[in-house]
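Participant: Chain by chain, the residues:
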Amino acid sequence: MSGRARAARVIAKRQVFEALVSPGLYIALVAGLFLGYALVSGFARAVDSSGFNPQLRPLYDIIGRGLEGAFGKTFVDALFAEGPLPFAFSVSFAPVFLYIAVSSVFKFGLEKNAGAVELVAYGPADGTSYLIASYVKDLLLSLFSILVLLAFMVAAAALYNYLAGPELFVAAVVAFFLSLALLAYGSLASMLTVNASSSLALFLGIIAFLLVVLFGSFAIVGEYVRTLSTVIARAVQWVSPFFYGNLSLRANAAGDPLGFVGGLALLAVLAVVILTASHFIISARGVRA
Amino acid sequence: MKRSSLIIALLLAFAPAFAQAPVRTENLIYSVLAYNGRDYSPTFARTASPAVFLIAGVDNFLTVRKTLVYFWPLTGEWKTNMDALNVPIDGVLEITDRWGSSIRVIPSRYTYYNERGEYELNWKVAQDAEADRVWAHWSAILGAYEAAMKDYRDRLAKEQDARASLIVRIQRLRNEGGDVTALVDQLSNMKEPEAPQPPQDYVVPPAEIQQAFIVNLSAGDYTLRFKSFDGSILEGSEKRLVVHQRRRSGGIGYEVIPGDRWTRPVDSATPSAVLYVDGSSDLYLRPYVEDEYNDLYYAKTIRNDARGNPNLMKWERIQQIPRAGIELTGGGAGKSMIREEPWFVEQAQGATLGYRIVPFDPQGAQKGKEPSLIAFRVTPGQGSAVTGLRTVDSSGGPLPGSERQIRVIAPPAAEPVLPLLALAPLGAMALVLVRRARRYRRS
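Chains V and X, in that order, give the protein sequences.
Residues in the first sequence are numbered from 1 upward in steps of one, following my numbering.
Residues in the second sequence are numbered from 1001 upward in steps of one, following my numbering.
The set of hints was computed from the structure by calculation and includes no laboratory data.
Where a beta carbon is used, it is the ideal one built from N, C-alpha and C, also for glycine.
Misleading hints may appear alongside valid ones.
[To be verified] Over the 10 Å line for every Cβ pair with chain X, so calculated as not near, a few chain V residues:
(1) 20
(2) 65
(3) 161
(4) 279
(5) 281
[Stated by the list, open to error] For lysine to aspartate or glutamate, the following DMTMM-like pairs were computed, each having C-alpha atoms within a straight-line distance of at most 20 Å:
(6) 73(V) / 1077(X)
(7) 1239(X) / 1151(X)
(8) 1079(X) / 1026(X)
(9) 1191(X) / 1151(X)
(10) 1066(X) / 1179(X)
(11) 73(V) / 1267(X)
(12) 73(V) / 1097(X)
(13) 73(V) / 1151(X)
(14) 1239(X) / 1305(X)
(15) 1227(X) / 1097(X)
(16) 1124(X) / 1039(X)
(17) 1369(X) / 1393(X)
[To be verified] What the simulated footprint calls covered on chain X by chain V, stretch by stretch (three residues with Cβ under 8 Å from a Cβ of chain V suffice, anywhere in the stretch; the number is not a length):
(18) 1205-1217
(19) 1407-1418
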């Protein structure tokens, strides 16, 4: 094991420990789990003799109308085809992931500003090992959160008689690979900016932009919006984790396992490319803020 | 009093002016008769519409005409007013593919029809002389049927006259105290003439011969424009022509009719779909074959101003499955096979509103009536909360992609367990913090 890898392992271990002994992750998990609970219990009450009827529950009525108005009935039908669990899982994971990514980006910026990273770099570690450690820590926390949420969904399935089927597990796998690339963007944002708040702003800006482009290309509300989004999407899709995630999900829906794995592989490649870019930036600029 | 009457009179006089009449504008349209995978859908692309959508590898019919179009806000659709203006325009359709090679389509005389067969899908298109032959054949069949009907009506009238006069004779004889037995026997032996059967050759008979551009292209993006015979391009006729094809075919979908709301069926189209129900009612299932199309392209093939999602695919019902069976699993009884049966919907007796679905009895209670629906009845939740099903064909072989689950859902008694589980991370956090505090104290 190289010195850099050993340093990254030690720092990552320390950072994971710090994350586990602070309350933030637990609170984010509880928030995510309660969102999931609201969705799975609401679904059971929105079922009548003819199947799932969103109008029976105000929560699902709002969700159903909003999604159907924006993306069409086919989108809603596909979303709930297997049941509420894939959707509930995705909604639950969003705040947890956001907490992990945002706190990491902010912390990295703060540590850089305070000179903590510089201090570590005077020792056996360098900026890249600190970057890798931070990334690995985020990844492990994401994986841990995904497993916790998945266990909760399986428990909900057993309790309510839902099917914890392939779509749920596909959603979990895609969520993990999406995290790979999105967290890499977090690292890149930390490298590109000089302080914590600008890192955070840049990271959230990137995520929001890529999400708007994705949702825009799915939108059915206005042909102009969709056309514009599709044009922008064509330009930025190569660097958008959501594009590759969507590619994977579409391949899965089409029964194309090769396409599914290909989409995940591209997400991993994108993460590696972004991390490599971050490595070059930190090598060129140094660890000083 | 006088003033208010005057105001009301004025308001009434101007009432028509307040009514919102849709604005009709003259448009050059492509009138499209598009094949949609199971039959033909009429639609039109107005001048402002950027594209025409067609399915690849099948005959579609286009005409170019001037007409009035207007937006109908009640249904959110664009409509034509062909009664007021309908001017077909002669010329040539020029279709150019993305590599720049063009084909010119001249108008053809055609008819289309659906021949009766085992499946609903027997659509055929006949052009020119063949169209004349088909139309002549249909006209002959129709003529023969009409002649038979006329003959039947004449015979029926004669029979009814004879019956009426016999009744008069019986009454008269009875009044005179005579023996009417022979006449009554004669009356009861009288038989109504049998009505001729309508022609059975076609599900949809040949349409009257029309003239249109017949477009049958492979999948791709084309440019469409209309040239008049002098070679000039008609303004507003240039459009994108999207010819698309199904992504997958031969999927199995189910029309699901709940017993307590049979007028509101739902579809289980996606092969991975699970049917969640509350188990309060029987389900009546009708399996069908389906094909998968792009959501937006298919919607626009059927109705050019429709909305859809270009990034999603959708299964579309194509035809029923003849002589199918449904194999059920679950309920502890192993596998069981159910068959399609006729059912009759009857109004509930008494003051209770509603209806019930009963087995159709053509010899008994429902004599002389038609069944309301023919479907497979499944009782969800019988002995098991999960019922598995799949369709088998006439030879008993399972049809791939027909597997579904019906799950009976109800908020469980142990539901409070779930929010407690959701709080578990807080418990873990408390545990970690307490242990850490203790270690600090110790050190």
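Participant: Among all the numbered hints in the text so far, which are the ones the structure does not match?
Facilitator: 1, 3, 7, 10, 12, 13, 17, 18
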